[in-house]
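Make the full structure from the sequences, and use the hints.
Our numbering applies: residue -19 is where the sequence shown begins, and numbers increase by one.
For the record, the hints were derived by calculation from the structure and aren't laboratory data.
Fair warning: there could be bad hints in the mix.
[As the list claims (entries may be wrong)] Pairs of lysine-lysine residues, derived as DSS-like cross-links and limited to a Cα-Cα distance of at most 30 Å, are as follows:
(1) 30 x 6
(2) -8 x 23
(3) 16 x 49
(4) 30 x -8
(5) 49 x 23
(6) 24 x 12
(7) -8 x 6
(8) 10 x 23
(9) 30 x 10
(10) 6 x 35
(11) 12 x 23
(12) 16 x 30
(13) -8 x 41
(14) -8 x 49
(15) 12 x -8
(16) 24 x -8
(17) 10 x -8
(18) 16 x 41
[To be verified] Ranges of calculated distance between the beta carbons of each label pair, as one might list FRET restraints:
(19) 26 x -6: 31 to 39 Å
(20) 16 x 59: 24 to 32 Å
(21) 0 x 20: 32 to 40 Å
(22) 59 x 0: 14 to 22 Å
(23) 35 x 11: 30 to 38 Å
(24) -3 x 39: 18 to 26 Å
(25) -5 x 46: 17 to 25 Å
For glycine and all other residues, C-beta sits at the position ideal for the given N, C-alpha and C.
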Amino acid sequence: GICHRDLIQEVKYAVIRVTNEAVAIKVLDKDKITQKNMGNQIKKEISIMKMINHKQVVSVKDVFATGTKIFIVLELVEGGELFD
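Here's what the structure looks like:
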């Protein structure tokens, strides 16, 4: 799913100008998603993530895409890597 390292091209730090809120932007490669036939699974996972509102779950702020990439804007959580 979305946590699979091979689908994530990179994670960027950004600041939302209007609110001055720091966020993480996870960049997914559409070609890799297509190659692994995971398009429907990614759509479902993003949909579920948008519905979850819990203090122990990273919240999804926004999702947008270009022709080659999907950008998932997430609440910024500092303090290390999930996979460390």
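*List, from low to high, the hint numbers that the structure doesn't satisfy.*
Hint check: 19 fails alone, others pass.
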